[in-house]
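If you read the protein sequences in the order shown, they are chains Z and E.
The opening residue of the first sequence carries number 1 in our numbering; numbering runs sequentially from there.
The opening residue of the second sequence carries number 238 in our numbering; numbering runs sequentially from there.
Hints in this document: simulated from the structure, not taken from any laboratory.
Here the structure is a predicted model, which means the values were calculated and not measured.
Yeah, the Cβ is synthetic: ideal placement off N, Cα and C, and Gly gets one too.
There's no promise every hint is true.
On the chain Z side, residues computed to face chain E include the following (Cβ under 8 Å) [unchecked claim]:
id	residue
1	Thr65
2	Val68
3	Thr69
4	Ile101
5	Phe106
6	Asn109
7	Asp110
8	Met187
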Amino acid sequence: MIARKKRVSEAIGLDVGSTTAKMVRIEDGEVQSRITGTHNWKDLVNGIKENIISTGYFRNSVPHTASVTEITAAIYGVRHYFPEADVIVDIGGQDTKVVDIRKNNFLINDKCGAGTGAFLEFAANYFSIGLDELGLFHRRAGRIPDINNTCGVFAISEMISQLVAGYSKEEVVAGMHYAFARRISFMVPEAETIVLIGGAAKNEGMVMALKDILKKKILIPEEPQVINALGALKYFS
Amino acid sequence: MHVSKIGLTALVPPELIFACGGEPVDVNNIIPASKKYPRNKLCAWTAIWKEMLVERELSVDSLIVVAGGDCHNALVDGQKVAMSGIPTHFFFYPFDGDPEYLESQLYGLSGFLGGIKFPEKIKQINDLKKLGQKIDIKRSRGRITSGEAFNILISFSDLRGNLEEFQKNIASIKEHSIKTGNRIALIGVPPIFCDFHDVAQSLGLHIVFDELPYEFIRHRGANIREIACDYREYTFARPLDFRINFLQKELEKRKVDGIIHYTQFACHHMLEDEIIRSRLDYPVLTIQGDLPGNTPQQIKLRLEAFREMLERL
Ligand code: SF4
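Looking at chain E on its own, in the form it has when it is part of the complex (with noise of 0.2 Å):
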């Protein structure tokens, strides 16, 4: 039996996607490690996907584009993607977090991939989640390096494509102590550079949380109707208010030092640094990125220089 191939740009519950029977493949988890220096670009990663896709140098049956309430340069090139030829789906999270708007997004795009075919694969991924759940509260107590629980929970936007290996891959993840001196938390979008986490615990930061990663265990349902409810309050597209409130407690919880504002040049997200250190009472250090590969010495300057100010307080 062909298995559809289902590229996805950010968010879209996967759950949804293995029960309509596709296979899921988040187009950017490729790009960190790329050695790609797109031509047109705003934000690398989108121009990095857009120009793969469309030179079907990433193989794909379809692609669904989650353009409301994330990113107007992802529903750009999305577009760009689908006029290459390549059935392409606009996704839309509600920016109020009405859930019957969400179901009817949901519905439509589970016609987009031909309906449930296996109901029983959402149980098997909220199960896998708990896993994920595991991972993150692990590392945040220093026994799992935050590199590795980034790259499984990073994964959990397309479960690698296959359940069973992914839970291999996570049962075979090791312990280790490891000391949590400087807890940070790192926020907006994930980092473009592939080591960014092996590069911070390097330089004595140790990254307790991970905002988007940790969307992608956080919501879950057993149908339709559950997971509009639940993915509904997926923070990044919900207004800044309500990202923020959900930040404060997160970070608490976590006992967090401080805040690693990741940004990516052209993106959006940005604009909402000088709200997040007004709001957020920890001390925040922003750092921007462009194009991928390994973390720039002069981003290894601001981090170390970070960790002196922590130590300094």
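Same shape as in the complex, but just chain Z (with noise of 0.2 Å):
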């Protein structure tokens, strides 16, 4: 455990997630970023010379100087952006955690698939579409059938009835991030500004559900996937 407020020079972030890892470096104040998958994560610290600064589900497996979790990440990552953010909601592939950063408060949701990153690739798969296109899909609906299961197996049962019941594959997908997002919305405190990341953030279909059902305005970072990664690199610089 390194103390906390020593800091760090010449560092990148490094936040090696369940599914994806993200590198951060700042040069000449620009925020400098590169994404690969999980298992790739050493392509991105082949031949670094600097001290990494790890964050994410594998931060103590990979080589670091410092480690940080990442809902303290999430908190310095997003401020560089939004030093006025007050909840931060983070879609990661295995997890969805909410930061309420005024009340220092965190909440993780990782006992149900529902409400996570893991889910959307799921009912992509099913439609045999990419991940990118669910928000394609979504734009493309007229209507919204109701899809009310929390649990995200059901919910596919749940939105095969709703294809034999005549939906297309479009609302059933919008249908869908419509129960994703309410289903995250249980978890989000009374808060003027919120701001969302992780790779979900990506998929305007889920991000329309939310801002519909949250009625708040909602952030989005330019890059939301790797807001973490910079945040460690933050905490300790």
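Fit chain to chain and form the complex, with the hints in mind.
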């Protein structure tokens, strides 16, 4: 355990999560980042001379000078872009974390797959489309069927029933995004500004559904997937 | 002489069991280190002791189930044990703290156990509880690890069935000098993980207060009347207001920096979380366990993040 306030100069932030690995370095004030699959994390640090500040699920399994949890890293990363943020919603591959910055409080859902990136991947696989196509499908939907199940596995059976009932693939995808967003909204406290990070923040269908349900301003940093790597770096610099 | 082994499902005055010539066994104590995966379960604590008793993997001559003022899962699983043929007595604490009611419960219990035969045991146990309080103070001052202190304090529910041996166990505790940087109160039912206190300490969280074990060393009395008048303040059996007022004073006394509220899957105490959060003015980390074993990674992540959070304040 490294003493918290010890500053580390010449460093990179490395976030090795359950599905992807991200690396961030700040050069002349510019945030530069790279993303790869978790198992290829080594590609991100090959030939690196700087100190590594790690975070993410595998933070203690990769070489590092210091490490910090994703929860704290998220706060420091988000503040870089949005110093006034109240609440962070971080939708990762295996869990969803909600951090209330004002109250110094956090919630993690890692028991149920329904509110995690794994569920979106599962749904995309079912329709044989890429994760990045879910947003496109959502925009094409004319109606939004009700999908009430909060369990990921049963939500898929409900989606199948809605297809049988005559809804289009696009509509069922939109319904699925609403079910997903509803699940996450239960974790989100009252707040003015909510910052959404993690891979799922790139899915505009999910973001639209979340905005509609929370009725709050949702901010998304330009590259939402690398915020924790950036935060790890900033925590120690 | 045959000494009857008396299983206990929660806090029952152990002084009365010893005084009646029985050897108490808190049936929960073997659970954190057990590898049992119960078949039909809500809370794993009751499900595991129920299964072990029904299948006679845990041997007791009779069982005392703390039902009223404690746990309805225990009330149901206790009846399953009774149906399996083990003599079982149901013990009820008064929600309103009525000492007469508790006294009558204690007389009923003593009748079930055959009456008081060794009144001198009561004083012996009271003296051991004083030693327990010393251990509690020492760990809060960083002179005993929280893991060692917890192992002793949690054992005060049955004094490991043997007063002389238990006294030796207490005497053998080594003193250290531990930095108690992040002072934590662990409230709720005890974690079902066997290494929780050591894990917390290794992650920079020093547990200076264990809510339930503290109840085990706090109540006493020289006879049934006095025991009733003191145990009626057993906070877990009383209304939440009573418990929270008590906690407020204890946490202040111990200069706590944060609270870990442990909850057990399918336990009604989980419903208390929002009240605890709103009424106790400290950072609160709520965690939940289900099956016994080592502290899972997901819980470790929460502990580590909580420490980072406390250090940011
Ligand atoms: S953890 Fe809750 S449900 Fe389980 S035995 Fe204890 S009080 Fe009962």
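Structure-based check of each hint:
no.: 1; hint: Thr65; in the structure: violated, 17 Å
no.: 2; hint: Val68; in the structure: holds, 7 Å
no.: 3; hint: Thr69; in the structure: holds, 4 Å
no.: 4; hint: Ile101; in the structure: violated, 10 Å
no.: 5; hint: Phe106; in the structure: holds, 6 Å
no.: 6; hint: Asn109; in the structure: violated, 10 Å
no.: 7; hint: Asp110; in the structure: holds, 5 Å
no.: 8; hint: Met187; in the structure: violated, 13 Å
Of the numbered hints listed earlier, those contradicted by the structure are 1, 4, 6, 8.
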